[in-house]
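Protein chains in written order, with this note's numbering: chain A, 10 to 327; chain B, 10 to 327.
Calculated lysine-lysine pairs in the DSS-like style (CA-CA distance at most 30 Å, straight line):
| no. | chain 1 | residue 1 | chain 2 | residue 2 |
| --- | --- | --- | --- | --- |
| 1 | A | K255 | B | K255 |
| 2 | A | K267 | A | K255 |
| 3 | B | K267 | A | K267 |
| 4 | B | K255 | B | K267 |
Just so you know, the hints here were simulated from the structure itself, not pulled from any lab data.
2 protein chains.
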Amino acid sequence: MLRPGAERVARLGGLHRFMDWRGPILTDSGGYQVLSLAELRRMDEGGVTFRSHVDGTSHRLTPERSVEIQRLLGADVTMCLDECTPFPATEAQAATSMRLSMRWAARCRDAFVPRDGHGLFGIVQGGVHPALRAESVAALTAIGFEGYAVGGLAVGEGQAAMFGVLDGTVPLLPADRPRYLMGVGTPADLIGAVRRGIDMFDCVIPTRSGRTGRAYTRGGVLNLRNARHAEDAAPLDPACACPACKRHSRAYLHHLFKAQEMLGPMLLTWHNLQYYQDLMRDLRAGILAGRFEPAAAAAQAGWDAPDDRAPEAAEAAA
Amino acid sequence: MLRPGAERVARLGGLHRFMDWRGPILTDSGGYQVLSLAELRRMDEGGVTFRSHVDGTSHRLTPERSVEIQRLLGADVTMCLDECTPFPATEAQAATSMRLSMRWAARCRDAFVPRDGHGLFGIVQGGVHPALRAESVAALTAIGFEGYAVGGLAVGEGQAAMFGVLDGTVPLLPADRPRYLMGVGTPADLIGAVRRGIDMFDCVIPTRSGRTGRAYTRGGVLNLRNARHAEDAAPLDPACACPACKRHSRAYLHHLFKAQEMLGPMLLTWHNLQYYQDLMRDLRAGILAGRFEPAAAAAQAGWDAPDDRAPEAAEAAA
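Chain A on its own, in the form it takes in the complex (with noise of 0.2 Å):
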């Protein structure tokens, strides 16, 4: 929206020519962005209203004008607008929440211009509160959208909180459409949420985790700026194909992130990418086979290392 600007990606032929990415791009609506970026914020029934971080002018983002940006940037999945309600509210801070965004994803409805091969996601909201997010999914279905996210988790309600959400919002979303958890999450979220049937997930923590050292492994977190890696000759991972665990030891990869080599970065990002298509791939393997919790039994199998006896361990050892 700000940088570089939505209609200067369209002039320039839109995101997939301008990144040379050929798959399918889902966009964010910019509320989450404008909630955790920007400045002096002002939320009202028609849209919001905040300061730019780049250079402090104002601007003003409507669900109308949210839809439209995505369009512009050529979103293959264009994400309703809606308010992301803080963790902790109260029940009616929440309820007037989803209602407004319930609104709003109406508007994003209409807005939306139909094309072939593209889609919009409405996003259930509601807090941790079960009568509220039967609400939004009931009001979400009543609109109808090519697919549907849970919004609002992952903001520091704990993973029982959050698959608390999840089993009592899936099983009341439509079968024949994706559900997408939005911002998770670590392995062991994933693979609790695919439990409960969802099906799409982004998350940061892949990259971000690469770029500061960690890696997620078959044999669970390591942090390669341990000292105790300086030595290892044994790759990352090695049932891992990609790049970082065929080509390079453990003690490689320690000395890039000691001398602040940005391979190290790099290394660490690819790995932690393919780490996470790979559990995915296997787990829809699992239940293309009706064998999910064998599956996710075996990714979970190996969690053991030392370095960070971990929070995503939680659920597995549970």
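Please arrange chain B on chain A, whose structure you already have, making use of the hints.
This is chain B only, laid out in the frame that chain A set:
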């Protein structure tokens, strides 16, 4: 030497295996690095004592230890330990420094373990003083090396003085051995030095420039941070085959640098290395065809980019 340490790299199978690099590796002796990085260094006839910038511990680097370190790393080309004479220096200072380096060169020759396909290079010193450079060449050729480097340049003397030293030095070097100009340079530096008989270079310019948004192209030097690239759908260099040029626009590269995405440095580093490789390939082809000057002129013909009307263009324009 300090991090990760030569013995550690040796235990991990040497640099080629550590980096998974199948090409030849040339290692520097550590002399220049001690001069430029270390605190509290003290030079004597036997070697140099310095304090580590990593942990403050004291270390001793001698000609023998430098050669041993490079053997432990698995270098294909080992460089003699020398003292990089500071610039400016009086002729007397340059003479004293050069003669110490020549005595160290003889000790490096004695310490070097001959192995098939591996070589030791001597380094010509003597500042900007022709008689000292000639004396240094005589000393080194009397010892005998697999290749000869010209050192002590690109330390602030300027391109004209550097070319002056090459004019006086390179003709004295054996024609059947590689001649290597250390720490140089810009594309114009390379062309001028190849014109004077240099075969090999090392320099941080293509990678460091790439990280900071400077691109060397057939059209000259571009600064991708410059706002005039923000809407430019053209490739960086239409004649270049690197991914930055084949897949993306200048506008995209500009965006990556403005947004501080690490993909910007990655793509521009790749491009600059490709440009340098292409330049040297074209110069080699010119030499083999007996048409070096047309090849040099063709390489410089397009250097009119407005971002940095550049010191690089000095010789081309002269």
